[in-house]
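*Asks:* Sequence:
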Amino acid sequence: MNRTLLIARREYVAYAKTVGFWLSLLAFPLFAVLGGGIPALIKASEPIKSVAVIEEGPNATGLAAAVRASLQADVDRQNERLREAAEKGQAGAGRAVASITGPKIRLVDVPPAIADAVGPARDEAIRKALDKQTSKARRLDAVVFLSRTDGKPAAQVWTARATDNDVSGFVRNALRDARRTELLTAAGVAPAVAQEVQTFRPEVKSFSPSAASGGEVSMRDRIPSFIGLGVGFLLWSLVITGASILLNSVMEEKSNKILEVLLSSASATEILTGKVLGVALLTLTVMGVWGGIGAFTLISASPETAATVGQVLLHDGLIFYFFAYMVGGYLMYAVLFAAIGAFCETPRDAQTLMGPIMMILVVPILVMQMALTSPDAPVVKVLSWVPFFTPFLMSARAPSDPPLVEVILTLIGMFATAAFMVWIAGRAFRAGALSDVKLSWKSFGRAITGRA
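Letter by letter, the sequence shown follows residues 1 to 452 of the working numbering.
Just so you know, the hints here were simulated from the structure itself, not pulled from any lab data. Predicted model, so just to flag it, every value in this text is computed and none were measured. Just to be clear, a hint being listed does not mean it is correct.
Mimicking PhoX-like on lysine-lysine, the simulated pairs with C-alpha atoms at most 25 Å apart in a straight line are [unchecked claim]: (1) 257 to 17; (2) 205 to 17; (3) 136 to 104; (4) 128 to 104; (5) 132 to 104.
Label pairs and their in silico Cβ distance ranges [stated by the list, open to error]: (6) 305 to 241: 26 to 32 Å; (7) 382 to 189: 35 to 41 Å; (8) 193 to 405: 56 to 62 Å; (9) 16 to 139: 52 to 58 Å; (10) 401 to 152: 26 to 32 Å; (11) 139 to 14: 58 to 64 Å; (12) 139 to 17: 38 to 44 Å; (13) 377 to 79: 36 to 42 Å.
Using N, Cα and C, we set each Cβ at its ideal position, and we do this for glycine too.
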């Protein structure tokens with residue numbers, strides 16, 4: 001036992017004392033924040049586009065006013081969303097929504113050089129107004145010509161950037177609304193009624209007998225599903241990370257003959273157990289740091305949401321289910337990867353078996369997304385019974401309160417498979433560590449059956 005703990009301590013310290021480990025540990029939450037914040041920051045920091053709108057011919061009269069009205073309606077809609085968010089104590093979230101979806105367009109007066117010109121001269125004036133070399137005070141981001149084709153609103157949009165579709169999309173929506181209003185008015189509908197039809201946004205509330213309140217569905221009822229999906233993905237990444245660390249550690253020690261030295265002082269079982277335990281502690285350290293950072297951030301940003309998350313995790317012992325699935329999943333894959341590493345001296349040697357294993361591990365990633373909206377879908381339920389998928393899929397399904405018999409039986413199946421994997425991996429690890437046989441399905445099978 002002492003030798004096992006010493007090996008575990010050595011395995012843990014070998015990684016934990018390196019600067020690279022802590023840098024990579026902190027890099028994940030940092031990049032997660034950047035990944036979520038940068039798109040919003042980029043969108044919010046986009047300059048407001050200066051757009052000139054020109055009506056071509058008497059048939060286009062009124063279209064420019066429709067575009068202006070549509071722009072004002074968008075502004076009013078964003079202000080309303082911001083007000084509702086502020087009333088609910090979510091001002092920060094409201095501002096984020098407004099900055100992302102709010103209009104970034106300002107309608108300006110048409111420059112005389114464009115309004116008075118025709119033909120090629122007008123095109124040249126437009127190009128000059130859109131040119132980056134033009135002074136900022138006189139430069140435009142887009143020029144829109146409104147007209148009618150067969151009596152229907154149409155537009156020709158010039159933009160400074162060929163890839164800029166924002167103005168085109170906005171104008172298209174504005175003209176579509178204008179055409180709808182025209183048709184309603186032509187059919188005898190009062191203008192006020194037509195405007196109401198345009199701006200009406202129905203308020204739809206969801207109710208369910210399984211909601212926490214027994215009636216209306218709130219965010220409190222949706223949070224468990226997101227937690228389950230998040231835990232499933234986190235567990236997948238931690239299992240893969242821990243198992244990969246074990247694989248590389250065993251390969252490195254075998255190639256450097258360190259494994260032979262260890263075998264002279266401890267048994268193969270003690271070495272395997274110590275390594276699995278050491279990397280497990282390393283994985284728990286990662287979880288502790290990530291969990292601490294996430295909890296601190298959530299509590300600081302939204303104490304109410306943090307309290308709800310805590311209640312969800314403690315509801316019916318959900319956090320203990322997560323822990324049990326994590327232990328079983330890690331044990332299954334960690335010992336398998338360690339056994340593979342005992343036959344390898346380079347990563348190329350491990351590719352023989354690693355390819356099929358990684359293909360298997362892709363399956364729960366694809367199915368977990370389905371578990372978010374349909375946790376009781378037949379394919380999700382069936383794959384949840386496959387021990388190699390159980391830790392990930394049952395973690396995603398656990399918040400939806402699957403039948404207790406499913407939870408118990410999948411746990412039994414998972415730990416029975418984990419015990420079998422430990423037995424197989426122990427034989428393979430012992431055979432691989434004591435031989436120079438190259439890894440292959442044949443040699444791996446012989447090691448398991450004791451014929452190596």
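*Asks:* Going through the earlier hints one by one, which of them does the structure break, listed in rising order?
*Replies:* Of the numbered hints, 2, 7, 10, 12 do not hold.
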